[in-house]
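**Q** Model the placement of chains B, C and D on the given structure of chain A, informed by the hints.
So the sequence lines, in the order shown, correspond to chains A, B, C and D. At position 119 of the first sequence (counting the first as 1) the number is 102 in the numbering used here, and the numbers step up by one without a gap. At position 206 of the second sequence (counting the first as 1) the number is 189 in the numbering used here, and the numbers step up by one without a gap. Converting from the third sequence to the numbering used here requires adding 16 to each position, the first position being numbered 1. Converting from the fourth sequence to the numbering used here requires adding 16 to each position, the first position being numbered 1.
Treat the hints as calculated values from the structure; they're not laboratory data. These figures come from a predicted structure and were not determined experimentally. Treat the hints with care, since some could be wrong.
Residues of chain B placed beyond 10 angstroms of chain A at every Cβ, according to the derived structure [unchecked claim]:
no. : residue
1   : 35
2   : 90
3   : 128
4   : 170
5   : 203
6   : 253
7   : 354
Below, a list of computed lysine to any residue pairs in the SDA-like style, where the Cα atoms sit at most 20 angstroms apart [as the list claims (entries may be wrong)]:
no. : chain 1 : residue 1 : chain 2 : residue 2
8   : B       : 246       : D       : 150
9   : C       : 117       : C       : 320
10  : C       : 373       : C       : 384
11  : C       : 373       : C       : 343
12  : A       : 242       : C       : 152
13  : D       : 373       : B       : 19
14  : A       : 320       : C       : 215
15  : B       : 239       : D       : 390
16  : C       : 373       : C       : 272
17  : B       : 246       : D       : 194
18  : B       : 320       : B       : 241
19  : C       : 117       : C       : 239
20  : D       : 373       : B       : 14
21  : D       : 117       : D       : 246
22  : B       : 242       : D       : 155
23  : A       : 242       : C       : 385
24  : D       : 373       : D       : 52
25  : A       : 239       : D       : 399
26  : A       : 320       : C       : 152
27  : B       : 320       : D       : 218
28  : B       : 239       : D       : 150
29  : B       : 242       : D       : 150
30  : A       : 320       : C       : 178
31  : D       : 117       : D       : 237
32  : B       : 246       : D       : 193
33  : B       : 242       : B       : 316
34  : B       : 242       : D       : 149
35  : A       : 6         : A       : 27
36  : B       : 246       : D       : 394
37  : C       : 373       : C       : 46
38  : D       : 373       : D       : 269
39  : C       : 373       : A       : 6
40  : D       : 373       : D       : 220
Idealized CB from N, CA, C, for every residue including glycine.
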Amino acid sequence: MAEHETTAVALELRDAVRQFLDKHATDDDQARRFDSADPADSADLVQGLADLGAFAVCAPESADGLGLGPAALVPLFTLFGERLVTGPVLEQCLLPGLLLEQLPDGLDPRAGALLRDAVVGERRVALADGGASLEWRDLLQGLETGPSGIEGTVGMARSAGEADVLVLVADGPEPAVALVEAPAPGLRVDPIEIQPNGSRFAAVTVAPGTTLLPLAEGEAARRLIVRIRAWTRLLLAAELAGLARRAVDDAVAYVKVRKQFGKPVGTFQAVKHIAATATARTVVAENVCRAAAEDAAGLPLEEFSAAAMAAKAYCSEFGPSVCEDAIQLHGGIGFTKELPLHRYYMRSLALRSWYGDETELSEALGRALLAAGGTRP
Amino acid sequence: MAEHETTAVALELRDAVRQFLDKHATDDDQARRFDSADPADSADLVQGLADLGAFAVCAPESADGLGLGPAALVPLFTLFGERLVTGPVLEQCLLPGLLLEQLPDGLDPRAGALLRDAVVGERRVALADGGASLEWRDLLQGLETGPSGIEGTVGMARSAGEADVLVLVADGPEPAVALVEAPAPGLRVDPIEIQPNGSRFAAVTVAPGTTLLPLAEGEAARRLIVRIRAWTRLLLAAELAGLARRAVDDAVAYVKVRKQFGKPVGTFQAVKHIAATATARTVVAENVCRAAAEDAAGLPLEEFSAAAMAAKAYCSEFGPSVCEDAIQLHGGIGFTKELPLHRYYMRSLALRSWYGDETELSEALGRALLAAGGTRP
Amino acid sequence: MSNSVHSPDLGEYRERARDWLRRATIPTVPLDLDGRFRVLRDWQRTLHEAGWVGITWSRDAGGQALSPWHQLAFSEELTRAGAPQPIGLIGLDVVGPSIDKFGTDQQRRTLLPRLLSGADIWCQGFSEPDAGSDLASLSTRAVPDGDDFVVDGQKVWTSWAPYAQWCALLVRTGDTGSRHRGISYLLVDMSSPGISVRPLVQMTGDTEFGEVFFDSVRVPRANLVGEVDGGWPIAQDTLSTERGWYTLRRQIEFSVGVQDAAAELCGHYEQAGASPSARVAAGLGRAAVAARALEAQTRRTIDRLVTSPGPNPMDSVDKLTVNELEQRIFASLVDLVGPGRTTTTAVRGLDTSRWTKEHYYSRAASIYGGTSQIQRTIIAERMLGLPRG
Amino acid sequence: MSNSVHSPDLGEYRERARDWLRRATIPTVPLDLDGRFRVLRDWQRTLHEAGWVGITWSRDAGGQALSPWHQLAFSEELTRAGAPQPIGLIGLDVVGPSIDKFGTDQQRRTLLPRLLSGADIWCQGFSEPDAGSDLASLSTRAVPDGDDFVVDGQKVWTSWAPYAQWCALLVRTGDTGSRHRGISYLLVDMSSPGISVRPLVQMTGDTEFGEVFFDSVRVPRANLVGEVDGGWPIAQDTLSTERGWYTLRRQIEFSVGVQDAAAELCGHYEQAGASPSARVAAGLGRAAVAARALEAQTRRTIDRLVTSPGPNPMDSVDKLTVNELEQRIFASLVDLVGPGRTTTTAVRGLDTSRWTKEHYYSRAASIYGGTSQIQRTIIAERMLGLPRG
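Only chain A is shown next, with the shape it has when bound in the complex (with noise of 0.2 angstroms):
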């Protein structure tokens, strides 16, 4: 497709996903299903969206997807964090779109179907990656390449228990990536409890020997991992900026009805402030989305990973820090359950550090400078 069409396109879809969510979204929907950890709850919402074709826009369009790239979720995932879209939905609409655009030839054939039915929505994806942190790798744990593949325990699988396939990532010294169907022999997937946080995880387990599929090996692995860590958290960075604008839209709108002292209290010039401040940063959690999305084409790898990496940064501080301004602006209603907002700063917490937060970030990007000598990234 030619750019602009591509771009009317993916406009078309967020209309259509807005409007889908306008009716099957609402604040008492999305409170029903933030708390619940059974998938059941959230199964409707990912049909629609199936439906909607949201898991085929960055699916090439010979394996029926949009050809769209994952650019165009960037401004997606801004509407699901405005909406508190959660669920599997992030690893549903990045990966098998990814991986089958960027292993189109000598793809495993029960792999490419497994891919081609996840975007029609047939099937659920989860991503087994202990790259989801630095600093907590103990906890995260990872895959790696043993004699007989790949192997290993990933401590927290995010929707990985209510996943058909998961994509295993080994980022040892030999980087692989393969998918494996659930269930099966050799893979165990255990539920953790979970705190409400509009997500579930799961630890999962390949045994020696459990039947793999495999997608990538070596060089060709290790970008590819690359490239799925900066996809991951540029759509988390995206959901946190629409997590921000949520929260300060809400608050902007009480603090000019509710009044104190015989005035809305948006009249005060403290309230003025926390909000500007609040929406100023809620802005440019926006653009630094949108600009990595914007490059995403035309840079290198490790520079996307790193445009990637400061935008998770930038979103990971100030998504929450934007959230609890908005519930200070509240003030004690923004902390009770009367109203969805605290919602959007739990998810907001819970992505913080899913993939990095701002302190880890900054450092494996400062590392990255160095490396590169002090020029880009």
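**A** Just chains B, C and D, lined up with the frame of chain A:
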């Protein structure tokens, strides 16, 4: 002396110093001294403080001291912060008295004489200690015990260029503390080019075989080093609290008279809130120093050391931040040399990282807490 | 902890408290609200029988007539022993002292003993949906009718409302625009007809706050404290004391919290034979610095409780400081569980559920009991003398 | 850098700029103010002769009639080449466009060519000691007298005042209380009798700001821009554009600054054969995140300069963001020199003098050009629609 007598003497001294500073440490005087790399510019101030007995505060009465203990220096250093009393004052107030008090028995006679001279202001004392920073140990380097005694280089020693007597701290596997008279064969003191900050620095190199006056070795030295560093930190913290106090007081006075939009800027809520936050932090900074001083006599050394680290960490963080608030409250004029405020800020930044900024001290304190099994310190 | 304002030697008192606590059966507090209320009320009775409740109250009012330092020392020992505070703090810190100081003999005689023992739990009906920060604009009306007042209106942020036997209620008895000059202070039996309660669920899942609705509730005139329209100074008088005690109790909880976290981490690293990262050490240390700063600040609070009780803008410095440092302490601690915060799994020995909940709760610190914004305005105007709008 | 609003392909233009810069003699800027002014003015002439000044200006006004993206690309290349900006930015960004848009033909013809070439350096007489944030309250008076105005008053924060040939002056021509309705825009020859200048020394030691005193200074009526009492909208119109360009230029300087710091550290660690600590890496990374965030934000600034020039509350979002991120960048970088900041010694390869100075200067970011407080109020009222006091 009984406790109430001690307090009375300390208060009397503080009042006398205050009156002296009113005359001899005006803003103009301090501007001249602050920017100067020449010790001669603060010689009169140092002599005045000596005459008032400031250097005798914590020396035992047996050594012509006031016997008030180093805790009595804490309010004095808050005052020094408020009045921007800089130069070689901290080392001179603390070290002779503390060493004479801690090492009464079997002290080398020459060392005793030097320290007693310093108590009455007839010699200048400085400290050569690589432990003035943890993170920047590569810059600070340090001394250790060699075959013939203490040797090595301290990259930055405050006021060392103008000292007659250096206190050498060797903190390697064989801790030791010694004095050296300057000049001495084998001792090099190389002044470092400074940026205006109220202190001068020199690099100190002690060659093997330099004539030293040993003060302590082994466990006694280790404990003495902990004690010297703890008091140094606490007095630096007190000075930072005083700098913050002066900055916020100036800013509050300014916003009461400075008008914009037809009224004093202190009328605006945003201005009020910055001033209030800065005030609260200043009060806490003062109190955290005062509390550590109150506790000094009753706490085991390691706990007092932790209390001093905490005080320094708090004041390192909020001393400069209060000055930044004060500059912001002043608007453009706060950023110029028209007012003394900028010197308070520059001084606070210089003290922030001397003997540990909030980051390295938090880490050190965390490690101390973990080493103690979670109980105090 | 030493103090500057002639603190008495508390060694013996502390020893007695420790000794008693060692022998006492420290209750396990259930998570469900009913159970929690029951257990904590029983615990207050136990404490009261042993002479550990109303420590600073006069003997006349059923207390121990000891100093604030004694109260603080006991609170410290209680917290260090892992024991909960008595449940009736609103009664003990706010309402009781008001009744003692401003109430009638009859009120003192009938209400205070049951308040101390926990037989009666009190709630506080001050805030309203449209009068939170601006308390003086409250609109719950009390209209005299024979020997009663008839009360209509709504209160909010009333803690333990569904469980309380009594409520200290601020009501408007003056004209609509009378603000603080037209407010009276009533004591209301919560079993009176016309009272209904709706719990408010907080982000933490706790539900001890609620809304209380008053629909033509009859309150005997004998339950008025002070004069008609004279309720404002009564509320102000004890609110300041409450704030002081709140600061002191929270500070103790934070110090113990930091020590608990350190002990959890220690246990983990010892068992794992590993050494904490710079980030873990610095995060714990950052919390410890904040806890110590707060401890230092509260020494001056207690000086004030002894030497010059009553409203003081320095109370707002305390409150602002607690807000800021509480948030810092728990942000620093919860930061150490990283991505584990979405689960209940212990991370590096840390009790993830506890620290995430404490962290969520800390966000309310800058709102409840007067927002940080209100405190800043009080500091600026009453302490720094900056001109009013 | 890609852009969303149809940015042209700048590859060739950039290549031409790079090529020119490679061949040009990049000046070394002396530290003393006289030398600095002289060298930078010469540099502007050199740039102008090569067609790199007034890039977005119309050909009619002596410019290159290219897009803001061209200007940005050239500024980037200039900074990356280690070359200074032309000195006459106030003329180029603020005064020149005002003269071009609102001035007389005579003003355009005589003033603009010399402004572009650097022959005339302009300063801006807007702020006053009692009219900083509240510019509309300015009180410097201009009274008509024959063919002249007679100007009396004082301006402050006038950059390059001792060196400027011309000053764009806002004066009060209306009644005392007329605020923005009684302000006129005059062009004043700085060699006119009655003008005196006092430099203000900043914390950084820089002295390019000054106070300017006007004592019965005669200014020909022909030097009025627009109508009498019509100066306010002229000033507003270009102040917004200035803010946009300021943001863009600063962003480039920050990005290059972070890269310079990284290169300095790299050189050190390579030479030392050591590896940076977590704190060093995180500090550098933190600065890099801030620089990237600002880069992302300024893409939208340039979109705005192209599609909807003129005052926009989003300008205040930009300014607030620059303030916050500039302070963060330099606080993060100067933090890396630790206790070395009191000296001029390089620490871990870092140019201590440079980073301490940049850090000091960054504290002015939230004051100069409209304080952060003013920006927040503008955002709240004009963008979020919060009610005015």
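**Q** Could you work out which of the previously given hints the structure breaks and list their numbers from low to high?
**A** 6, 26 and 39
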